[in-house]
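Q: One-letter residues, chain by chain:
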Amino acid sequence: GQNIDQPTEMTATEGAIVQINCTYQTSGFNGLFWYQQHAGEAPTFLSYNVLDGLEEKGRFSSFLSRSKGYSYLLLKELQMKDSASYLCAVHGQNFVFGPGTRLSVLP
Amino acid sequence: KAGVTQTPRYLIKTRGQQVTLSCSPISGHRSVSWYQQTPGQGLQFLFEYFSETQRNKGNFPGRFSGRQFSNSRSEMNVSTLELGDSALYLCASSPGTSGLQGDEQYFGPGTRLTVT
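Residue numbers (the numbering used here), protein chains in the order written: chain A, 104 to 210; chain B, 5 to 120.
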């Protein structure tokens, strides 16, 4: 079967750092993606990991451990506009999305 | 480059009717995937089309079908609509050139379907 788990909600303070975890069990693995989705909008691409390790992209970094079926998204210097849902998605046989983590950034 | 477009953006239908949604992918992209998003179930994969062929299918009943044209545009159809079909239907395109490497998906704005 295919299963992706993420925390449902997280809260952090403006300027802080937050780590959103994702664990997965999927059929096949071609890559892991993180998407950001603001309320009422379509998801937008944030990052992509296919090999183990850390990928850094500005204020966002994503880590992958294929042997552990684990990834995290790290957001630094949080801004109010980062309040959104963050979706972990695994490209295996299909694209399977996690339930999303709703992040609230407080002033 | 123009992004993924979906039409219509909003739709209200009555139970028992059928509906067709349209998606135009990014120019050059050959893969189109469809998703249903509801507050309770999150994003769920419906199917993927590549070069006019259905390449993958999710766990939805046969009332949900789709097709892809030679220009990569895709349509999905839902017959005999049920109240539970009310959702945001998202289309995503990707180059889709290889199943061995991850392809980033670009999402359209979605079609919000309300079934009454």
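Hints were generated in silico from the structure; no laboratory data involved.
Do not take every clue at face value.
Examples of chain B residues toward chain A, derived with CB under 7 Å [stated by the list, open to error]: (1) Gln22; (2) Leu25; (3) Pro43; (4) Leu47; (5) Phe49; (6) Phe64; (7) Glu108; (8) Pro113; (9) Gly114.
The beta-carbon is built from N, C-alpha and C at its ideal position, and this holds for glycine as well.
Q: Each of the hints needs a verdict: does it hold here or not?
A: Here's how the hints hold up against the structure:
With its C-beta approaching chain A no nearer than about 24 Å, Gln22 (chain B) sits outside the 7 Å limit, and its interface hint is violated. For Leu25 (chain B), the shortest C-beta to C-beta distance to chain A is roughly 14 Å, which exceeds 7 Å, and the interface hint is violated. Because the closest C-beta pair between Pro43 (chain B) and chain A is about 11 Å apart, greater than 7 Å, the hint is violated. With a least beta-carbon distance of about 4 Å to chain A, the hint placing Leu47 (chain B) at the interface is held under the 7 Å criterion.
Restraint check, Phe49 (chain B) versus chain A: the minimum CB separation of about 5 Å is within 7 Å; hint holds. Against a cut-off of 7 Å between C-beta atoms, the interface hint on Phe64 (chain B) is violated, since the closest Cβ of chain A lies about 12 Å away. About 5 Å separates the beta-carbon of Glu108 (chain B) from the nearest beta-carbon of chain A, less than 7 Å, and the hint is met. Given hint, Pro113 (chain B) at the interface with chain A, holds; its Cβ is 5 Å from that chain's nearest Cβ, closer than 7 Å.
Hint status for Gly114 (chain B) relative to chain A: holds, with the closest Cβ pair at about 6 Å, below 7 Å.
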